[in-house]
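Novice: Here is what each chain is made of, one letter per residue.
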Amino acid sequence: MADISESGLVNIKDIHWLMDMLQTIDVGLIVLDRDYKVTVWNSFMENHSGVGPAQIKEKSLFDSFPDIPEQWFRQKSESVILLKSSTFTVWEQRPYLFKFKNYRPITGSAEYMYQNITLIPLLSADNEVRHIGVLIYDVTDIAVNKLKLQEANNKLKSLSKTDHLTQLNNRGAWEGYLEKEFSRSKRSGQISSVVMFDIDHFKKVNDTYGHQAGDEVIRRTAAILTDTLRLSDIAGRYGGEEFGVILVDTNAENALIFTERLRQRIESEIVVYEKFEIKYTVSLGISEFTTECESYQEWLEQSDKALYFCKEAGRNQSRVFIEG
Amino acid sequence: MTTQVLICDDSSFARKQMARALPDNWDIEINYASNGIEALDLIRQNKGDILFLDLNMPVMDGYQTLEGIRGEDLPTMTIVVSGDIQPEAMTRVKKLGALEFIKKPVDGIIISQILSDFGISLGSESNGAANKAIDSADDDDYDLDDSYQELANVAMGRAADLLARLLNTFVVMPIPNVKHLEITELEMALAHVKSDDSISAVCQGFIGSGVAGEALLIFNESSYADIAELMKFDGEITESAQLELLMDISSVLCNACLNGIANQLDINFSLGHPIVIGQHIHFDDILKGAASQWTKILTIEMGYQIENKNINCDLLLLFTEDSIEALNERVSYLLD
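Chains as they are written, first to last, in the numbering used here: chain D, 1 to 324; chain E, 1001 to 1336.
A couple of the hints might just be wrong.
Calculated lysine to aspartate or glutamate pairs in the DMTMM-like style (CA-CA distance at most 25 Å, straight line) [what the hints assert, rightly or not]:
#1 D:Lys180 x E:Asp1285
#2 D:Lys180 x E:Asp1226
#3 D:Lys148 x E:Asp1234
#4 D:Lys180 x E:Asp1197
Please keep in mind that the hints were generated in silico from the structure rather than gathered at the bench.
As the structure is a prediction and not an experimental result, all values here were calculated from the model.
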């Protein structure tokens, strides 16, 4: 096929149209020798880099483009030479080899061009690899779309799990965590506790100050709850004014310390809504995991029973569920 | 005197290929065995003056057979004929007493050369014809899946050789698995990866001369620690480091394997750029984007393992239904 003349340029006279194709194609084509000196550099490379073939020919790629991760590129190339086998890299691995700026004011969707790279061993007549072919594909659109899709999916996922008013887990998500924690405890025997609590006389708050004031009380409660939690604990809004908390690796005794701290903080809180100053309290029921628990629902029900006892005993308190 | 030649290979296709590669002008009687146990039996009955022995076989493999021959001091000259072409495999069989190591697919010229190197005299051109009829008698039981398996065996041997050189270790080569599946049954083609394992997967499309499909590399994520160690990767194995290792391995395996197939079939594949299907996914996630127009596919499963390491990956070659005709035609040339 094409002769390589001594200057390293393909003999244009013989295969003018083929050259034309290689120049015009919207893919970067580079041929490097074993010292990483550039032998072929097509128009795509020239136009995106601003460096013409005459300037870069016979020069080291790394000297001309100091941004290229030299060690990484050498490592890939050496294995291509050693194994005589092509290698592929994708933009997920490394967004680009050459830092080419976005050149499209309207449809350019990223700051830099995302690139997929193929390295090809080029065999000489003696079956030795004396040159490496490098193909640079512009995959910006694909990459940006995929990243956007991932972002949208993550957002959707978190939206579907989050309670809008409090930004806590919603009931479904929280119960999911509780179920996981239940089976983890079953398996490992690690003791965790679950807390159910609600706002005392919440209906009165709503009736006296209006629903928006009620919402503000719920929001404040969630904020205090989040502030009181450890990182590993998982809180959720269970229903209207009901909240659930999973206290991981915590027995009932320590759970009680947590609920009392939370109760006191809320008791001393004053929610200011428009011209009103609202004071309120909460009641909290605790249930420690026991191996007798058959299901996470049963575990949750026990904490609900403890909460019921608090209500019976006068509210603004926390209690641990006791069997019987 | 008629020489007793024994061909031991689990693939009837490979046995046939081997028999056809033997010189025409050689006064021989050919015997066949499909595993080491059968081979040892025939040698004891003096039906194996010369043994052509495959390495990867069920029941008793080539290494065990060589040990058996040495243990009983059986009278045979063994020439190993293998798709596994790792230098380590060569060294191991020579240590176990094999005289020579021939790469699959076998080449008649090389066999004649080796026989004459060993001073085995071949007769004149005329007296071999009758013997050749013996091995063509079983042409009717020609099994296509068997030939795909052999095709894959040779290709995966080349890929294993490159992987072994990349990782500087010995790659254990199992027997490739050929299955005709619905795309939804793909999970049945997996040997080393279970459906609840956390996996990384990469796909690479190939097409050429009417044969097309995708290579799918499924990498068990529990393998990363050992792979990083073999590749002398320093530092923490982050998600991007895993991807780097995954791409290096998939480049080598997919490429070598597909080139191995293409070479044997005398075609050239255009390879697409690999696509990362995902990291930390489960097998079910792979098929989420699968096109439904291919209901039936031909799969060849190759499970690679690294000796003494916790490294498992499955390379699946998936051929589209309309590739089968071209594939069959090409495969049939292999016996000519």
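Novice: Which constraints among the numbered hints does this structure fail? Numbers only, ascending.
Specialist: Hints 2 and 3 are the ones this structure does not satisfy, whereas the remaining hints hold.
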